Amino acid sequence: MTESKKVKRRVKAVRAIRRSTELEGSSSTAATRADQVAYARGRITAAELGERVRRRYNVK
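Position 32 of the sequence shown, counting from 1, maps to 32 under full-length UniProt numbering, and the rest follow consecutively.
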């Protein structure tokens, strides 16, 4: 898979996550959105994104 396709896939995933959150009546914080952008751009992995969010909200 090309890097371009990987980026498109990650962007699509982030959009779906944000939409799901909105449908539940919530919204992401600015910090979480920034982490999502970092993931979409390939700067962090999905595991790192999850770890950052869990750490931010003290979820184990």
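Take the hints with a grain of salt, since some may be wrong.
Claimed, not checked - DEER-style ranges, computed between Cβ atoms:
#1 Thr2 / Glu24: 17 to 23 Å
#2 Thr2 / Ala38: 17 to 23 Å
#3 Glu48 / Lys8: 29 to 35 Å
#4 Ser4 / Ser26: 29 to 35 Å
#5 Val53 / Leu23: 14 to 20 Å
#6 Glu3 / Gly25: 17 to 23 Å
FYI, nobody ran anything at the bench for these hints, they're computed from the structure. Owing to the predicted nature of the structure, the values given are computational and were not obtained by experimental measurement. For every residue, glycine included, the Cβ atom is placed at its ideal position computed from N, Cα and C.
Status of each hint after checking the structure:
1. For the pair Thr2 and Glu24, the beta carbons lie near 33 Å from each other, so the given range of 17 to 23 Å is not met.
2. Separation of Thr2 from Ala38 is about 20 Å and conforms to the stated range, judged on CB atoms against 17 to 23 Å.
3. Between Glu48 and Lys8 the Cβ separation comes to about 20 Å, which falls outside the hinted range of 29 to 35 Å.
4. At roughly 31 Å, the beta-carbon separation of Ser4 and Ser26 lies within the given 29 to 35 Å, and the hint holds.
5. As the Cβ distance of Val53 to Leu23 is approximately 18 Å, the hint placing it in 14 to 20 Å holds.
6. One distance hint, 17 to 23 Å for the beta-carbon pair Glu3 and Gly25, is violated here, with the actual separation near 35 Å.
Consistency note: the structure conflicts with the earlier hints numbered 1, 3, 6.
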